[in-house]
Structures are given as C-alpha cells and as structure tokens.
Amino acid sequence: MINLTKKGHISELVSYSGVFIGSEVTAKGSIKTEEDVFIDGKYTGSLETLGAVELGKNSNFSGLIKARSVVVEGISKSDIEAEDSIHIEGCAQISGSVNSKNINIDSGAIVKIKASTK
Amino acid sequence: MYKYLVNKNSQSLIDEKTKLQITEKLQKNRIYSDFIGFTSEKELAEIFSQTNKQITNTIVLIGDDNDFSIFIGQIGKLDSEVAIGYLPVSKSSLAKKLKIGSAQESIDALAQRKINEKTIYSISSRYFLEEIELFFSDYKKGEKLIIVTDKNLELALPKCKIRLENLNEDSFLEKTPIQLSAYLKEEIAVANKKDSILKKIKSKITTSSNENNGQKLILSLHAKSFKISAGDNLIDSLGRKYNQTLVIGKSPKNIRLISKRPDLQR
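Heads up: the protein sequence lines correspond to chains A and B, in order.
Position one of the first sequence corresponds to residue 1 (the numbering used here), numbered consecutively onward.
Position one of the second sequence corresponds to residue 1001 (the numbering used here), numbered consecutively onward.
Extracted from the complex, chain A is given alone in its bound form (with noise of 0.2 Å):
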C-alpha cells in the first residue's frame, strides 16, 4: 500500500503524466522519462527519469535507477542512484548499492546494499 502522507512520496509529486506500471504487469527493457514512475510489477532493466520513483509492495525491479528521488517497497536487486533521497520501507528487501545525498532505511527491511552518500 502506498503511504500517501509520507514527505516526497510518489503519490505527492507524480502528475497524470507519471507512468504507472501495475502488478499484473511483466516488462523488461528501459525507461526514460522526465515523469515520475511507479511499478508495482516484475520489472527487469533500466530506469532512469528525472522525477521521482516508487518501487510498490508488490515490485520486483532487477537493473539501474536513477532519479531524482526513489521510495522502495517491494523487492530490489539494482543499483540505485538518486539526486535527492533513498527511502527503503520497512516491507523492502534490497540488495545492489544505493548512492544519494539522504539514504533512509526503515526498521525491518531486509537490506544487503553497499551504500554511499553523496
């Protein structure tokens, strides 16, 4: 579930542009986008996009992020890099590197990252 009150999540800053991939949903490739995203589905490839990210519960990303700010979830095998913060909830399981000025971790995450601030 999505925490729609949380400072600099999604649900504040993504436009009706954003792109929205559900969890019924497989894809593999690359994004580009100047929009926010938010992926609830298995997703295998590169992401990179100048607005903000959030990887849902229900989210299985392998592959690169890069982006202005990125929330995970769900499940992550990437690395990540993000101008603003890295926020990983208490649900996420993570491993990969992650790279911003503010890196957050919630209590209960499964985390095996190298982190790095900028």
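Everything labelled a hint here was simulated from the structure, so no lab data went into it.
In this text the structure is predicted, and so the values were computed from the model without any measurement.
Here a beta-carbon is modelled for each residue, glycine too, at the ideal position from N, C-alpha and C.
There's no promise every hint is true.
To be verified - Result set (DSS-like, lysine-lysine): computed pairs, CA atoms no more than 25 Å apart in a straight line:
#1 K42/A x K1144/B
#2 K1025/B x K28/A
#3 K42/A x K1151/B
#4 K28/A x K1151/B
#5 K1042/B x K42/A
#6 K32/A x K66/A
#7 K1042/B x K1241/B
#8 K1140/B x K42/A
#9 K1144/B x K57/A
#10 K42/A x K1141/B
#11 K1151/B x K66/A
#12 K66/A x K1224/B
#13 K1151/B x K32/A
#14 K1224/B x K42/A
#15 K32/A x K1227/B
#16 K1161/B x K28/A
#17 K1042/B x K28/A
#18 K28/A x K1224/B
#19 K77/A x K1227/B
#20 K1241/B x K28/A
#21 K1224/B x K32/A
#22 K1141/B x K57/A
#23 K28/A x K1227/B
#24 K1161/B x K42/A
What the hints assert, rightly or not - Chain B is faced by these chain A residues, among others (derived, beta-carbon under 10 Å):
#25 E24
#26 I31
#27 F38
#28 G45
Starting from the structure of chain A, add chain B where the hints point.
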C-alpha cells in the same frame, strides 16, 4: 465547394426536415453543398479517394461523435489539403472542445473557416484523433498481451481493455504524445477534488484499482509509438475489428479541422 457526409446507419441520423434547416442556414452563409450518405467505412474510404481537392475544399461530417470517429478512421485516404468540419446533431464532447456548442455555432464556424491543424494517430490502417478503446470479445485466464514501445520497453500483461489517448493538445506532454492505459475492468470513475493525486490518476485511468473488488490497476504508459501483439482480434467501442498485431504511431499527415477559433499555437 463543401461536401456534407451523413452516416445512414447512425443512431443520430438527421431527418429531411433537419437537413432542410441546415441547408437553409448554410445558404444564408452562402455555403452551397452536396449531401452524401455512406453506410460503411468502405464506402467512406471510396468517397475520400474520389474527392478531388480542386473541386472540394471542405468535407463536413453531420452526426454524432461515433460517426465522427468512423469518419476520422478513414481520413488517411483524404487529401490533407481538404479541410474537415463537424456538425454535431447530438451532445458531443468533441464539439465542446472545438467550441461549437450547437449546430448554428458549427455552421458559423464552417462559414468562417478557421482552421486548426491537428495531429492524428494511426492504428493499423485506421486513424484516431482523440482516443480509442480496444478490448477482446472474450477473456481467457492466463492469456497474455505483449506491448512494445518505441524505446524497446517490452511489457507482458493479462488481456485487458486498452485505451489510447492523443495527448498532443497538452503542451506539457509533447514529448510523450500517446498515453496507453490498460485495465481489467472499467467502472464509473469520478475523481473527487479532495483526492490525493495518486487517487486521481487511478480514477482517471481506471477504477478497477478499487482494492475491495479485487481488481488491480495495470498500466499507464507514454510513448511515441506502440506495438501490441494481442494473440486475438481486438474490437473497439464502435465494433470495428483490428488485427492481432497492431502498430500505433503518429500519422505522417495532419488534419485541418475547422473550429470556432483558429489554431493560435502555430
């Protein structure tokens, strides 16, 4: 010279009395025209192919939005120099966008001949101006639909209803001209002004995101073009059939659509 086209199978078919009224109003504006009936897309395509731009500079559809969609569907057959008009005979969302709220306003607009250039999109051998919805006649569990974008993003999703929208009117979205939305089930969607932005998105593209009924929001995506491999024939809301593999993209031709206001952006 104007040509007026009327779909003889339309649910909003005009009667002889209305036709006479329209003719009189047109003649007051010194517009003289032929009325031509068509009963199928094939006939419409033939009329367009035979239209000589030297003789006919304007073709006007009299009917409703469904008739106009059929009309636009074959517009690729028409010379792009010929202007297109719309004379709505029932409530029309397109007419509202063109600022022609009534038949009289439409006739005035036709007389003034203010032209908007509009981008249209092709979907296989047809075209659409604003949006088109596609669905399967039957849904079998486990069957997949493959969508590939121009950026080689490949998506597999369950067979569902697809809506393609031309977003070119919104300058903010010029870089992503087509929005593809897919959903399992459509219900009546009414966005509340107080809803969060995410909720508004969901209500715009589907209400199947309602978690109480077990339906899930599937996809909203933008691209310059899409290829859809459906595995089965698709149909649209007008009952027109489409091939199993569809290519959706910008038409090389624009259309010249008459509206109340000229195109100020160009």
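How the hints compare with the structure:
1. K42/A x K1144/B: holds, 15 Å
2. K1025/B x K28/A: violated, 58 Å
3. K42/A x K1151/B: holds, 18 Å
4. K28/A x K1151/B: Distance of about 11 Å is within 25 Å: holds.
5. K1042/B x K42/A: violated, 43 Å
6. K32/A x K66/A: Distance of about 9 Å is within 25 Å: holds.
7. K1042/B x K1241/B: holds, 13 Å
8. K1140/B x K42/A: Since the Cα atoms of K1140/B and K42/A sit roughly 22 Å apart, the hinted pair holds (cutoff 25 Å).
9. K1144/B x K57/A: holds, 23 Å
10. K42/A x K1141/B: holds, 19 Å
11. K1151/B x K66/A: holds, 17 Å
12. K66/A x K1224/B: holds, 22 Å
13. K1151/B x K32/A: Roughly 8 Å between the alpha carbons, so the hint for K1151/B and K32/A holds.
14. K1224/B x K42/A: Roughly 23 Å separates the two Cα atoms, so the pair holds.
15. K32/A x K1227/B: The given pair, whose Cα atoms are some 18 Å apart, holds under the 25 Å limit.
16. K1161/B x K28/A: holds, 21 Å
17. K1042/B x K28/A: Cα-Cα ~39 Å, so violated.
18. K28/A x K1224/B: holds, 18 Å
19. K77/A x K1227/B: Answer violated: K77/A to K1227/B is near 29 Å, above 25 Å.
20. K1241/B x K28/A: Between K1241/B and K28/A the Cα gap is close to 29 Å, so the pair fails against 25 Å, i.e. violated.
21. K1224/B x K32/A: Holds, at about 13 Å.
22. K1141/B x K57/A: holds, 24 Å
23. K28/A x K1227/B: holds, 15 Å
24. K1161/B x K42/A: holds, 20 Å
25. E24: holds, 5 Å
26. I31: I31/A check passes; min Cβ-Cβ to chain B is 6 Å, inside 10 Å.
27. F38: With a minimum Cβ separation of about 8 Å from chain B (threshold 10 Å), the hint on F38/A holds.
28. G45: OK, holds: G45/A within 10 Å of chain B, min 7 Å.
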